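Protein chains: 6
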Amino acid sequence: MSAFNFTDILTKAVDELADSQSYKGLVHKQADGLPMPSAGALHDVVELVRAIIFPGYYGTPVFNSRTTAYHIGVNVERLHALLTEQIAAGLCFGGGGGADSHVVAAEEIRQTAAMKAAELIARLPGLRQLLATDVEAAYNGDPAATSHAEVICCYPAIRAISNYRLAHALLEIGVPLIPRIITEMAHSETGIDIHPGAQIGSHFTIDHGTGVVIGETCIIGRGVKLYQGVTLGARSFPLDEQGNPVKGIARHPILEDDVIVYSNATILGRITIGRGATVGGNIWVTEDVPAGARIVQRR
Amino acid sequence: MSAFNFTDILTKAVDELADSQSYKGLVHKQADGLPMPSAGALHDVVELVRAIIFPGYYGTPVFNSRTTAYHIGVNVERLHALLTEQIAAGLCFGGGGGADSHVVAAEEIRQTAAMKAAELIARLPGLRQLLATDVEAAYNGDPAATSHAEVICCYPAIRAISNYRLAHALLEIGVPLIPRIITEMAHSETGIDIHPGAQIGSHFTIDHGTGVVIGETCIIGRGVKLYQGVTLGARSFPLDEQGNPVKGIARHPILEDDVIVYSNATILGRITIGRGATVGGNIWVTEDVPAGARIVQRR
Amino acid sequence: MSAFNFTDILTKAVDELADSQSYKGLVHKQADGLPMPSAGALHDVVELVRAIIFPGYYGTPVFNSRTTAYHIGVNVERLHALLTEQIAAGLCFGGGGGADSHVVAAEEIRQTAAMKAAELIARLPGLRQLLATDVEAAYNGDPAATSHAEVICCYPAIRAISNYRLAHALLEIGVPLIPRIITEMAHSETGIDIHPGAQIGSHFTIDHGTGVVIGETCIIGRGVKLYQGVTLGARSFPLDEQGNPVKGIARHPILEDDVIVYSNATILGRITIGRGATVGGNIWVTEDVPAGARIVQRR
Amino acid sequence: MSAFNFTDILTKAVDELADSQSYKGLVHKQADGLPMPSAGALHDVVELVRAIIFPGYYGTPVFNSRTTAYHIGVNVERLHALLTEQIAAGLCFGGGGGADSHVVAAEEIRQTAAMKAAELIARLPGLRQLLATDVEAAYNGDPAATSHAEVICCYPAIRAISNYRLAHALLEIGVPLIPRIITEMAHSETGIDIHPGAQIGSHFTIDHGTGVVIGETCIIGRGVKLYQGVTLGARSFPLDEQGNPVKGIARHPILEDDVIVYSNATILGRITIGRGATVGGNIWVTEDVPAGARIVQRR
Amino acid sequence: MSAFNFTDILTKAVDELADSQSYKGLVHKQADGLPMPSAGALHDVVELVRAIIFPGYYGTPVFNSRTTAYHIGVNVERLHALLTEQIAAGLCFGGGGGADSHVVAAEEIRQTAAMKAAELIARLPGLRQLLATDVEAAYNGDPAATSHAEVICCYPAIRAISNYRLAHALLEIGVPLIPRIITEMAHSETGIDIHPGAQIGSHFTIDHGTGVVIGETCIIGRGVKLYQGVTLGARSFPLDEQGNPVKGIARHPILEDDVIVYSNATILGRITIGRGATVGGNIWVTEDVPAGARIVQRR
Amino acid sequence: MSAFNFTDILTKAVDELADSQSYKGLVHKQADGLPMPSAGALHDVVELVRAIIFPGYYGTPVFNSRTTAYHIGVNVERLHALLTEQIAAGLCFGGGGGADSHVVAAEEIRQTAAMKAAELIARLPGLRQLLATDVEAAYNGDPAATSHAEVICCYPAIRAISNYRLAHALLEIGVPLIPRIITEMAHSETGIDIHPGAQIGSHFTIDHGTGVVIGETCIIGRGVKLYQGVTLGARSFPLDEQGNPVKGIARHPILEDDVIVYSNATILGRITIGRGATVGGNIWVTEDVPAGARIVQRR
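Protein chains in written order, with our numbering: chain A, 6 to 304; chain B, 6 to 304; chain C, 6 to 304; chain D, 6 to 304; chain E, 6 to 304; chain F, 6 to 304.
In short, the hints are calculated from the structure, not lab data. Bear in mind the structure is a predicted one, so any value in this text is a computation, not a measurement. It is possible that part of the hints are untrue.
The list treats identical chains as one, so a pair stands whether inside a single copy or across any two.
[To be verified] When the alpha-carbon atoms are kept at most 25 Å apart in a straight line, the in silico SDA-like pairs for lysine to any residue are as follows:
1. LYS29 x ASN249
2. LYS34 x GLN116
3. LYS34 x GLU113
4. LYS17 x LEU244
5. LYS252 x HIS48
6. LYS17 x GLY64
7. LYS252 x ALA137
8. LYS17 x THR117
9. LYS252 x PRO295
10. LYS17 x ASP293
11. LYS252 x GLY30
12. LYS29 x GLY131
13. LYS252 x GLN204
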């Protein structure tokens, strides 16, 4: 008898939930045959990029140089296939432009995606060079680091920065949505939230990292070091006539070369922290800091 | 020879570890035939709820309205089965009451659980309406957001808030333990820690979010926005005669409608932040803030 | 035709990426037949340790004492096999010593690893006793905790502290790299970053926990409680003649028994927080705090 | 030292195996972006067809008619997607025609495949009717059968015949390669080898079945029953001028309605076994058998 | 435009397939909360039984006697849980009796199933003794067998006979459907089809085995050996007034002790092959064979 | 109360089953640290060999020659690792020699295994040449074959023969146990049972194949074709003084070049079927057949 009641309740709920009015604005309809963004596939993309950049640390072990070439060849090929599919998904799904992406033929989208995937792969050698400087910075900046191996295998900063550098490259190539998913994956894994739009120089490092936020329009120089809990955020933002925030305005800080920011400092607005300045922990900074200065919390 | 030594060491360790005195208070004994709380099953529960509420964003792609109805039907049915099992697990496992839940017949527990699972499903249409306001608030509150798709797919706040709203509903229905596991899953994924007991109004959003803590007895109005690292905590709590904390006392803040709290602010105790007030970052607030006020860190 | 272009781009990228000059310093070469550190295997190690220490909460359900003995026997055996392999991986991979670990015969490494794995298992009964005090501290310290079951199943502090205590024991036994991977797994899961080198007494608890950082040379007494966002860090560190940080210097705080530190406080340098002192939230502490003192943020 | 030797041997073997002369005629090159036949995907196709045709026996359990409609809707949608991909794979891969299928645009192949997949689905109601007669025949023909449930769940004949009927329909729709893979999957599972080209009437059953072979040009009437080990094969076949077998000639037996063939009988060539005839076990038949006759092995 | 057509075709097919008239007699409706027979779970049951009976050959490796006891304890516990669920599934699903099993309370079915599962486990020591004689017979009977290890690991006869002996025991305990599924699993794996109802003595062996069929009412003595392709079948069977076969009549052969039957022989009907008789290959036997006789095919 | 009884029954069963007397002769004890034969790993071995020999048909798709080289390199490396482990398992487990393999150091076994694995890989180019002739024979011998692709993808004979040729090579290299497991895997998959010890020439094919048995000491020439159900077996075998079969005596048939054997024929003993002879179906042959002869069943 009670089973009857369940069925009634469930049937009523399905009817309400399947009423298209009720999910208006919360549904995504997909043209048949087009791929969906997939967290699993993007996880594999990130793992492949790490395996290509740091051979023998991620992916299969490496025994000699010939073997390494084989593995890089296979990994690049697999990366191209996976990325093509996910870039195509981003182009269909997140396309912010005015055009309705669904009317574009699926095949054309796939070809565009394949070309963008190849562009990304062409940038991997440069990405590897950049990440090598980040590894060096992390190792030099932490007395607790016992080896490069420990830094590459264990340090959350390396994970977050490599996801960011990959996402930033994809954004420059013109891929929507996917870059943000990739940085959010690192955010979830490490607590470090770097917007793919930020511009970050070489030899960048973040110690511990949980709670770090780096906003969309930040510009960060060479050799900068952040500690956990640092926010590089926006102070406020202008609204348009409808009361919506105006998109795309430069509203986050600029950190020049060799700046250090200690834990839980909050730096807000389009201000400049000058070359070599040090920002102490737990403070709230909304004005420019001159080069070489050292500011700390008042007690 | 050395293999001999290993065996001796391991045998001795097993003997000590299997001595029931040694795990007293750290063991959970289960009546035969009753289900256990399962992180895997609860992960599926959360994914199903997301797939039902945001069709086409989570779960399988959606092509037209008829298809959507099929998928919602199947997902609701599967959700009911999984939830029934997990609610039953919560009833047996976490039952904090004086009664020994193990003497209750397994079948009776399963029937109670099935009814509570149906009650939760009956609340899903309401939950969807509430979450629609949260998506809108997140989109409107972030100049970096390029589309609703990006908000629903990528924003950790949406994940944390949807887990919280699901857990809060389960708590209201009288399900022990499971709600807390569900909010801790979001805590681990996003760094946002919302106790299922908190009461939170519509149009709620959290930017970035890592490090946010919202305590058990918080009351949060409509249109509130928090930034990363904000704590809404207890200041201190009375102990009973045995020196144990007294459970269930209102000890967390009340935030009225349209309050904004910036990053790393700590608001403690049963105080009230008045309607439309703004709390600046990195400050420590233990007293009421009047409506419309704006308080910031002293420099 | 365009397929041609892709192939050219990819071929060129593979050539550059497979050039051993390009991955110099970023590659790990493994002697044939030696195991690699594996996140999956270490995840299983941690789950097995939890299942052995908290029978019936993690792993398979427990029905009676005889069953418990069977499961502990099987789990200990499996733990020994997995740990041996991972310790061997740590010895080959992360060996910081001057000797080239690759010239040591694989079999010798495996035997050393098997002995170290047995040593770890011999410490499990002690570890269980210590963790029992941590569970008690978490339950007593949180009015929202409804049962020991809730604490053991849900509290991130228990996960982070049990990983730390396991990693610390492995470090004492002389295992490189693996301890750090284990604490980073907890860091990713909970946002709590405890270096395996820290020394932490019994009855230790962390509330909420996201953003907590505990440095390598910290010494923490009995009954200490930390809130989310607390940093126990280094203030600065001497560089050697080459400008590299000098490793292994005591540079993190000492917290004596019964200290409480509230959310987002930052305590830096080799200072001492005296017995029973309370450090308020969101402050920056770089000098000794006397026993019993209470310091808070200036407003 | 010995590791060196291994590397030399392996390197030499790779060079020889990667020499394109050495795999000439044994390689399949795939145009980029086209799907491959996948045993896993085809296994899912077969499971979905069984779940649609026999609701509640295969796939998820069925509770009431409304639920059944949901599940059939979702299963049909998933079947269409999987079949489209596999039919496309068959069109590219196995296309025996004179045209080079690789020059056809990928998108065109996908659209043809999607239409053929829809055609197959349109035939499923008919297939279900036919299989219902086969289930009835198996139940009526075996005194050991205790229920229709046992027949549908356990009898290898039902598995082999449902794969054959699916494959035969695909062949009629003009799908290359895939039908043969589907019947070979049943062959491997049941030991019953039915060529997808054979024509088989309703109420068909095979008892036990291991070793049964039914050739490409067989024609089998209504109500036929075969036992294990029966071969319906070709006697010999003409060669063309190059000494290759001429393809497509009718060369297998015709069994009229209500024929029974006992175990291990071998019936070869384009002969006719007349209506209602019985062929005894372990015999070798190469000539017509009149209607109603009964032939047995000589002793 | 063509996508439209697909949708129409699929929609029409779903309507027809979801019409409950169309699947009448082909649907299984399940009372809510009752388990389904599961091929995966039964596969695990068989693997556990093999691991318990042949410790160290199947399942985890065995190092010493203490370890063996742990593993057998855990395996027996897991076997009891899995078997209880599957026996309950068999009781609900395949119950051929007059009573409607769905009206019996789910809990009562589960308790009956748990008791039957325990009965089966109580028979395992006897089953092990019996299977030990089968292993010995296979080793002694095959000059190609190099060790007992090879027989236990590789010989399909051991797989088929152990499934049969397990299924036969379940049938004696009164479990419907499940025994037949278990023997069909061996049939699919080995091509050996033994009905669970057959009665087979100790020291039984089958060489190669593909195509062997042993019918429901066979009685086989001690020390019998069969070769591949042997059928022990029914000759014909009486029909009842409705023309359906009468169930349960003794209709298969009796093979006395020490009989040998060579490959592809077909023995039909309730006849007796006397002690020590030898039946040559490829012959058709429908009459008694005296003890000690040797019959072969006429040339 | 009944739960009590279960526990008693299960406890008693565990005691009996864990009594080492009861599993005497049925247990395999493994020295710590040595690998076990693994069906899963051997399945991967077979798939890798197929992927190396038939690039693009098995394993990942192949786009151009450069890609093919990458994949073959990676597959050969992975094959070497997997095979080394499994050969080591075979050496420990199935070692038929007089020496007690367990006293040999694990490392020495691993090195021997690695060398044997390299020897096998060095034979792969020759194996590919041989299998190319088998594919050609299957295609030419079957009018139903529409393409080489169909033969390589679908024909069970190709699966069975490639497993046999791999197993035969391993046997020649001196690997125990593993070859037999590999041919039994094909036996289970195809119903074709070829002993790894048999010697089989080029251009070999088997049509349909279910029930084929080829014994240990068979010698088969070039261009031989068998149909389903053919047995090439032993007639009888001498016993030694203890009544055990004498191992290793030549006791199976010799088939000279170009012999054809039709379905279900049984050929027994060390007889010779002369060059170009044809053996009809369903017959029992125990004497030499002259070259060019054609023998059939008497009617």
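Here is what the structure says about each hint:
1. LYS29 x ASN249: within (21 Å within a copy, 50 Å between copies)
2. LYS34 x GLN116: Classified as both: same-chain Cα gap 22 Å, cross-chain 20 Å, threshold 25 Å.
3. LYS34 x GLU113: This pair counts as both: shortest intra-copy Cα distance 19 Å, inter-copy 23 Å.
4. LYS17 x LEU244: neither (42 Å within a copy, 47 Å between copies)
5. LYS252 x HIS48: neither (29 Å within a copy, 35 Å between copies)
6. LYS17 x GLY64: between (49 Å within a copy, 22 Å between copies)
7. LYS252 x ALA137: between (34 Å within a copy, 22 Å between copies)
8. LYS17 x THR117: between (45 Å within a copy, 20 Å between copies)
9. LYS252 x PRO295: neither (29 Å within a copy, 32 Å between copies)
10. LYS17 x ASP293: Classified as neither: same-chain Cα gap 59 Å, cross-chain 45 Å, threshold 25 Å.
11. LYS252 x GLY30: Intra 21 Å, inter 42 Å, cutoff 25 Å: intra-copy only.
12. LYS29 x GLY131: between (44 Å within a copy, 14 Å between copies)
13. LYS252 x GLN204: Within one copy, since 17 Å is at most 25 Å while 32 Å is not.
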